[in-house]
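Read top to bottom, the protein sequences are chains Z and P.
Sequential numbering of the first sequence, starting at 1, is according to the working numbering.
Sequential numbering of the second sequence, starting at 1, is according to the working numbering.
These are calculated hints, taken from the structure and not from any lab test.
It is possible that some hints are incorrect.
Claimed, not checked - Below, simulated DSS-like cross-link-like pairs (lysine-lysine); rule was C-alpha separation at most 30 angstroms, straight line: (1) P:K157 to P:K52; (2) P:K97 to P:K48; (3) P:K96 to P:K52; (4) Z:K6 to P:K320; (5) P:K52 to Z:K229; (6) P:K216 to P:K298.
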Amino acid sequence: MDHQSKYEPTNGFTRWIDSRLPVVRMAHDSFIDYPTPVNLNYWWTFGGILTFCLVIMIVTGIVLAMHYTPHVDHAFDSVQHIRRDVQFGWLIQYVHANGASMFFLAVYIHMFRGLYYGSYKEPRELLWILGVVIFVLMMAAAFLGYVLPWGQMSFWAATVITNLFAAIPWVGEGIRTWLWGGFSVDNATLNRFFSLHYLVPFVIFAVVALHIWALHVPGNNNPKGIDPKGNQDMVPFHPYYTAKDGFALGLFLLLFATFVFYLPDALGHADNYIKADPLVTPEHIVPEWYFLPHYAILRAVPDKLMGVIAMFAAIAILFVLPWLDSSKVRSGRYRPLFQQFFILFVVACVALGWAGGQPAEGAALLVSRVGTIYYFAFFLIILPLLGVFETPREMPNSIAEPVLKKPDSPPELEPDSTGKPAPVPAE
Amino acid sequence: MRIAKLFLSILFVVGLTGASGPASPDVDLDVQLADGSTQKVHLTFGEKPLDKLTRDDVRAMLTISLGDQAAQLSSEERTRVEDEIVGHIQSSLRYKKSPDHQHWHFSGPLGTFDRMALQRGYQVYREVCASCHSMDLIAFRNLSDPGGPGFSEDEVKALAAQFTYEDGPDEFGDMFDRPGKPSDYFPNPYTNENQGRAANGGALPPDLSLITKARKYGPDYVYALMTGYDKPVPPLVEMQVGLYYNPYFSGRQIAMPNQLFPEMVEYADGTVATQEQMAKDVVEFLTWAGEPKMEARKAMAIPVLAYLFILTILMYMSYKRLWRNIDH
Numbered sequence: 001m002d003h004q005s006k007y008e009p010t011n012g013f014t015r016w017i018d019s020r021l022p023v024v025r026m027a028h029d030s031f032i033d034y035p036t037p038v039n040l041n042y043w044w045t046f047g048g049i050l051t052f053c054l055v056i057m058i059v060t061g062i063v064l065a066m067h068y069t070p071h072v073d074h075a076f077d078s079v080q081h082i083r084r085d086v087q088f089g090w091l092i093q094y095v096h097a098n099g100a101s102m103f104f105l106a107v108y109i110h111m112f113r114g115l116y117y118g119s120y121k122e123p124r125e126l127l128w129i130l131g132v133v134i135f136v137l138m139m140a141a142a143f144l145g146y147v148l149p150w151g152q153m154s155f156w157a158a159t160v161i162t163n164l165f166a167a168i169p170w171v172g173e174g175i176r177t178w179l180w181g182g183f184s185v186d187n188a189t190l191n192r193f194f195s196l197h198y199l200v201p202f203v204i205f206a207v208v209a210l211h212i213w214a215l216h217v218p219g220n221n222n223p224k225g226i227d228p229k230g231n232q233d234m235v236p237f238h239p240y241y242t243a244k245d246g247f248a249l250g251l252f253l254l255l256f257a258t259f260v261f262y263l264p265d266a267l268g269h270a271d272n273y274i275k276a277d278p279l280v281t282p283e284h285i286v287p288e289w290y291f292l293p294h295y296a297i298l299r300a301v302p303d304k305l306m307g308v309i310a311m312f313a314a315i316a317i318l319f320v321l322p323w324l325d326s327s328k329v330r331s332g333r334y335r336p337l338f339q340q341f342f343i344l345f346v347v348a349c350v351a352l353g354w355a356g357g358q359p360a361e362g363a364a365l366l367v368s369r370v371g372t373i374y375y376f377a378f379f380l381i382i383l384p385l386l387g388v389f390e391t392p393r394e395m396p397n398s399i400a401e402p403v404l405k406k407p408d409s410p411p412e413l414e415p416d417s418t419g420k421p422a423p424v425p426a427e
Numbered sequence: 001m002r003i004a005k006l007f008l009s010i011l012f013v014v015g016l017t018g019a020s021g022p023a024s025p026d027v028d029l030d031v032q033l034a035d036g037s038t039q040k041v042h043l044t045f046g047e048k049p050l051d052k053l054t055r056d057d058v059r060a061m062l063t064i065s066l067g068d069q070a071a072q073l074s075s076e077e078r079t080r081v082e083d084e085i086v087g088h089i090q091s092s093l094r095y096k097k098s099p100d101h102q103h104w105h106f107s108g109p110l111g112t113f114d115r116m117a118l119q120r121g122y123q124v125y126r127e128v129c130a131s132c133h134s135m136d137l138i139a140f141r142n143l144s145d146p147g148g149p150g151f152s153e154d155e156v157k158a159l160a161a162q163f164t165y166e167d168g169p170d171e172f173g174d175m176f177d178r179p180g181k182p183s184d185y186f187p188n189p190y191t192n193e194n195q196g197r198a199a200n201g202g203a204l205p206p207d208l209s210l211i212t213k214a215r216k217y218g219p220d221y222v223y224a225l226m227t228g229y230d231k232p233v234p235p236l237v238e239m240q241v242g243l244y245y246n247p248y249f250s251g252r253q254i255a256m257p258n259q260l261f262p263e264m265v266e267y268a269d270g271t272v273a274t275q276e277q278m279a280k281d282v283v284e285f286l287t288w289a290g291e292p293k294m295e296a297r298k299a300m301a302i303p304v305l306a307y308l309f310i311l312t313i314l315m316y317m318s319y320k321r322l323w324r325n326i327d328h
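I would like the entire structure built from these sequences, with the hints used as guidance.
In C-alpha cells form, the structure reads like this:
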C-alpha cells in the first residue's frame, strides 16, 4: 500500500545507510508501519505461517544436506545415520519431513482463503499468479525431496511421476530419459534430484519476495473485500498484526510439534522404511497426502495422456482464475450462491484426497470422477456464470461502517474473528 | 433351460479383510441366463467363518440359493460356478488379518522402553532371529546408549567379542581376523544377498533394523506374526510348497516357519520363556532398534509443548490487549 514513509533514521550511521541503500526504510515501511485493513480474520494469518515454514525447511534442510549422501548405495543409510548418530539429527530430520506436510496444510488453507474472499481479483491478479508459481515450486520441491531418502515409496514415486512425462506424444520417452539421466531411475536421477531439491527452495524464497512486493502495492484484501477508505479502516502492521500472526503461529507450532514429537511417522508411509528395490513393486504406490487430490484426478481419467493433462490442468487452471470469475464482488461473504458452490468445492477437494489414497476401483474411482468433474466445472462453468446470475448481498460502504439496515432484508451480521458481534462505526 | 454364462462381479458385502471373523460375509452373484435375463443369486454362509468353509459348504449353499434352478444346472456348469465362488473365497483369504492391539511399555506419550525386556529381546534376536536376519544399522555400542537396553560398557565389550570380524589390510597388506569391538555393527549372517536367498529357498529374510517402522501396525504386526502360526489352514486354501500359513502375513503364506518355541531360550533374569513372552521381548528390542532415540524424542516433547503453550497464551494476551481499543 502506498503510504508516506514515516521512517526516521535516529543516528549518523543509520542516516549514512539510509542515504545510500534505504533497506532499513524499506523494511520499516513494509513490515512495521505498513497500513493493514483493520478487519483481517485468522484465515489471514497463514501468510506469516508459510513464511515461517519456508525458513524452517531451509534451515533444517541445510543441516540435513551436511550429513546426507546422495548415492543409491548410501542415501537410505545416511538418513538413518542422521536419525541415529548426528546430534539432534532425529529432531532435525523429523521437523523437515513433517514440515513438508505442515507447509502444505498451511498453503492449502491460504489458497482456500484467497479463493473464498476473492483475493485473486483485480488489482491482485499478479499477486495470485505469483502465489500459484510458489505452489507449483513447492510441489516440485516436495516431490524431489521425497525421493531423497531412497526408500521404496521414494523410488516408486520417482518412477511413477517421471513416467508421466513419457505419455507426451513423440518426445515423451526422450524427455523421460533426459530427466532420469539414464534408462531408469538410478544414481544419476538421485543426484540431480538432490541438486534440484537444494535449488528450488531458494527460488521459492525469491518468488515469495515478489509475492510480498505484489501484495504491498495494492495492499491486503480483507474479509469484506472492499478497499479501505481511510485511516479509520487501517492499523499499522506492527504491532497489531505481528501480535495476531504471532498468536496464530503459536497455535500452528503446537500442532507441528505434536506431529514431530508424538506422531512423527503418522503422515508418512511404512514402505518408505524399506530400502529402494527396483525389482520389488509395493502393493499400493501412494503419494504423500498433499498430492492425493492430484493423484485422484490423474487416475480418474481412463486414458494415461489425458489423465496427465487433467492433473496438470487442475493446477494450471489456477493461473487464469482471475479471468474466469466474472463477479465484481470480491468477498464470498456477500455472494450467497458462491458460498454454496465454494463449500461443495472444498468437499470435492477433500473427497478427491480420500479417493487418491484408495485403489482406483469401485466407489473410490466413482468419487474421483465426480470430484474431478466438479473441480473443473467450478472453475470453467460455475465461476464464469455466477457473476451473471447471482444477486450479491448488500455491501457496507466501508470496512468500518456496518451494513445499512433495511427492513426487508436483514443485514448479514457475521461475528468477526474475535467472536464479537458485527463491526460498529469507528469513533 | 441352461445357465449359459456366469459373469460380472461377485461382491462380498461385508468385512472381507477381517475374513476369519465371527461369520462369513454374504455373496451376491449376478448370473446371466441363456435367454439373456439376469438372475440375482444371494449366497448366505450363515455363522460359519470364511476360514472354516469347505467345498461341500459352497455346494450346499449354491443349491439352496439357486432353488428351482439348481436342478437345471449341468454338472459342468455347477463345477464352474463353484470354482468361481471358491476362487473368490480363496482370494479373500489372501488378505492379511489386522493384528490385535497390544499394550507396550513404550506406548503413549510417556512410554519408555523396558530395559530388562530390551535385554531379553536382544537375547531372543541373538539366539533365534540372528541366524537368518541381519540388523545392519545396529552397532554393539548402541546396546549401552542411553534410552537403550542399558548394558554396561564391559558387557557390550564382551557381547561384541563373541564374534570374529575380518579387518585390514595390515601393514603387510594382509587381511586378518580379530574379535569384535563395540564399534562394530552386528554381523550379517550372509556374505551377500544371493547367499541369503539361496539359504532360504529364494526368499531373503529382511533386515530387522527398521522392521517395526517398515510395516503397518509395526510392533503389533511383528508380535501377531511371531505368535500367529497356531491357526489351522482353512480348508479352501491351497498351500504352496515350502510356505507356512500365517493369517497376519501379506498373502497369508510365509516362507519363515514358526520360530518361537516355549523354553527355547533361557532368560538370565528367570522370566519364563513362553512364546508370547519371547515375542513381546523381541518386539520391544526391535522397536528400540527402529528408533533408538525414541526416549529422547518423548523426553523433549513435554518441555517444547509446554514452552509453546505458554508462549501462545502470552501471544494471545498481548494480542487482546493491543486490540482492546480498536474497533474491528
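Now the hints, each set against the structure:
1. At most 30 angstroms may separate the alpha-carbon atoms for a hinted pair to count; P:K157 and P:K52 exceed this at roughly 52 angstroms.
2. Using a Cα cut-off of 30 angstroms, the hinted pair P:K97 and P:K48 holds, with the two alpha carbons roughly 17 angstroms apart.
3. Distance hint between P:K96 and P:K52 is fulfilled; the C-alpha atoms sit about 16 angstroms from each other, no more than 30 angstroms.
4. Between Z:K6 and P:K320, the direct Cα distance comes to roughly 26 angstroms. Compliance with the 30 angstroms bound is thereby established for this hinted pair.
5. Annotation: proposed proximity of P:K52 to Z:K229 is violated, straight-line Cα distance about 77 angstroms (limit 30 angstroms).
6. Among the hinted pairs, P:K216 with P:K298 is consistent with the structure: their alpha-carbon atoms are about 21 angstroms apart, no more than 30 angstroms.
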